[in-house]
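Peer 1: Here the protein sequences line up with chains A and B, keeping their order.
Under full-length UniProt numbering, the first residue of the first sequence is numbered 1, with each subsequent residue one higher.
Under full-length UniProt numbering, the first residue of the second sequence is numbered 1, with each subsequent residue one higher.
Some clues are possibly wrong.
Intra- or inter-copy, both count: the list cannot distinguish identical chains.
No more than 27 Å apart at the CA atoms, straight line, and that leaves these computed lysine-lysine pairs for DSSO-like [unchecked claim]:
| id | residue 1 | residue 2 |
| --- | --- | --- |
| 1 | Lys236 | Lys163 |
| 2 | Lys129 | Lys163 |
| 3 | Lys48 | Lys233 |
| 4 | Lys233 | Lys109 |
| 5 | Lys109 | Lys192 |
| 6 | Lys48 | Lys163 |
| 7 | Lys129 | Lys233 |
| 8 | Lys163 | Lys223 |
| 9 | Lys223 | Lys257 |
Derived from the structure by calculation, the hints contain no laboratory data.
Number of protein chains: 2
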Amino acid sequence: MMSNAPIGLFDSGIGGLTVVQEVFRQLPQEEILYFGDTLRCPYGDRDKNEIIRFSTEIGDFLVNRGVKLLIIACNTATATSLSILQQRYDIPVIGVISPGSRAAISMSKTMRVGVIGTRVTVASDAYAKEIHRLNPKLYVVSQACPEFVPIVENDRIETEASKRIVARDLASISTENIDTLILGCTHYPLLKHVIQDVMGSRVQLINSAEETAREASTILSIKNLLNERRSEKRHKFFVSANVDTFRMIGERWLGRKLDVELVDLFNSNQPRTFRVI
Amino acid sequence: MMSNAPIGLFDSGIGGLTVVQEVFRQLPQEEILYFGDTLRCPYGDRDKNEIIRFSTEIGDFLVNRGVKLLIIACNTATATSLSILQQRYDIPVIGVISPGSRAAISMSKTMRVGVIGTRVTVASDAYAKEIHRLNPKLYVVSQACPEFVPIVENDRIETEASKRIVARDLASISTENIDTLILGCTHYPLLKHVIQDVMGSRVQLINSAEETAREASTILSIKNLLNERRSEKRHKFFVSANVDTFRMIGERWLGRKLDVELVDLFNSNQPRTFRVI
Chain A
1 MMSNAPIGLF DSGIGGLTVV QEVFRQLPQE EILYFGDTLR CPYGDRDKNE IIRFSTEIGD
61 FLVNRGVKLL IIACNTATAT SLSILQQRYD IPVIGVISPG SRAAISMSKT MRVGVIGTRV
121 TVASDAYAKE IHRLNPKLYV VSQACPEFVP IVENDRIETE ASKRIVARDL ASISTENIDT
181 LILGCTHYPL LKHVIQDVMG SRVQLINSAE ETAREASTIL SIKNLLNERR SEKRHKFFVS
241 ANVDTFRMIG ERWLGRKLDV ELVDLFNSNQ PRTFRVI
Chain B
1 MMSNAPIGLF DSGIGGLTVV QEVFRQLPQE EILYFGDTLR CPYGDRDKNE IIRFSTEIGD
61 FLVNRGVKLL IIACNTATAT SLSILQQRYD IPVIGVISPG SRAAISMSKT MRVGVIGTRV
121 TVASDAYAKE IHRLNPKLYV VSQACPEFVP IVENDRIETE ASKRIVARDL ASISTENIDT
181 LILGCTHYPL LKHVIQDVMG SRVQLINSAE ETAREASTIL SIKNLLNERR SEKRHKFFVS
241 ANVDTFRMIG ERWLGRKLDV ELVDLFNSNQ PRTFRVI
């Protein structure tokens, strides 16, 4: 694998752009390929096997394009598909759950941690399992907030109605006396100011996007895959629907022009050259 | 390599115990072997080749005892010997400089970062090199603080004289308008309250011990080497001199009884079974 190959990332839609933003910030020498499954978004309430099938299709698409590292920039897809994609490809595959879990263990002083996410992520108990695998002593409480993703995907972050939904959905977890709250969905960092207001300044929010970009840096580093060439980057974004909306929102969030292309996964005749273990 | 093998750590003296403390906190299921080179401490003003020789002797000692991961818990030894030890052993070897650098890149908002360390660490420019390898856009300023290690090793942290030395040595870097300061020596977290007072609350301090334990967790995780057995741990500490002083200070810092043994590296007839590449 060449160190100047791109990093692949995917998400059910635009939420994973928070991870892209952090890769651009922390690893500005890396080139990325992003896939947003805007046709089938959201994943958060879907059947587990369906999410695994979607993740595999998208993983194959990106791996076929020669990515050196695959980031599942979606908590729901990480919770369901990480170990399957790790076995499927011979490049490193990381999700967003381990980085957020490790950050919570490192940052919590009181050992009382909260997690918010979609229904599938919370039902999978993936954060509590990962945290307890590393450190069984932490108290972990979680809360599904299924209405947060539509707020972000529909660009209604700053409305009063949205603020009321956030306050209502966090009411229960705010009484749990936690000192650390994992934003267990890549969409949620876009709501972080609203969430911080509800939780209060004593609760530190963990942005899994930020932590994931940092772990990508660690893994590329130990595998000698960091791109140290300062050549021009050609970042590329693929979506399964709604090119124009994706481009408009993405360009505003990332503050740069995006090269966005529509892909029909079912009819893409891609060569199957990756190694299936 | 077995996942229930211990993690090896070494330092010129007691400073590396800050990394041990973080491994205990973040990875309580792991067992550790620690070597403190108290006979030859401090390393900070020594010749580079001498430090490489010491690091290799200690690395061999720990690798011969079957550690699954070697942590150079000393900035000076990391700056001089990391790549040499990475080539020498077939287990993963990490230092404290990359984790601190990655944390600074992730945490700094203004992209203006300071580094304090020993003379050798600062002269090596290792932090600026590592930060710029990942992200050339950061401004990095560094300052040698050679008197901080003796303050910690001699247990004079809370004295007025020590506070004056810290204020004097940080006078220059405090005018640099940085928002993030890397404590580029494993001894310095023990002085963090004094350092924070001098730098002011707007400057976030990066404890490389905390960040290194977290990267150890990432690396053990992707290599499937996390210890998930909850059996009793037998942590072991080796020193090259001053067993009683090491035990006294170490037990106070770590809040637990330590099993400390004196080792004569020159006369230890250990089998040389590791693979030299």
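Peer 1: Give a verdict on every hint.
Peer 2: Status of the hints after comparison with the structure:
1. Lys236 / Lys163: Close neither inside one copy (33 Å) nor across copies (53 Å); limit 27 Å.
2. Lys129 / Lys163: neither (30 Å within a copy, 44 Å between copies)
3. Lys48 / Lys233: Neither: 35 Å inside a copy, 38 Å across copies.
4. Lys233 / Lys109: Answer is between: at 23 Å across copies they meet the 27 Å cutoff, but 40 Å inside does not.
5. Lys109 / Lys192: both (21 Å within a copy, 16 Å between copies)
6. Lys48 / Lys163: This pair counts as neither: shortest intra-copy Cα distance 30 Å, inter-copy 58 Å.
7. Lys129 / Lys233: Answer is between: at 22 Å across copies they meet the 27 Å cutoff, but 38 Å inside does not.
8. Lys163 / Lys223: neither (43 Å within a copy, 42 Å between copies)
9. Lys223 / Lys257: neither (31 Å within a copy, 38 Å between copies)
This entry does not satisfy hints 1, 2, 3, 6, 8, 9, going by the numbered hints stated previously.
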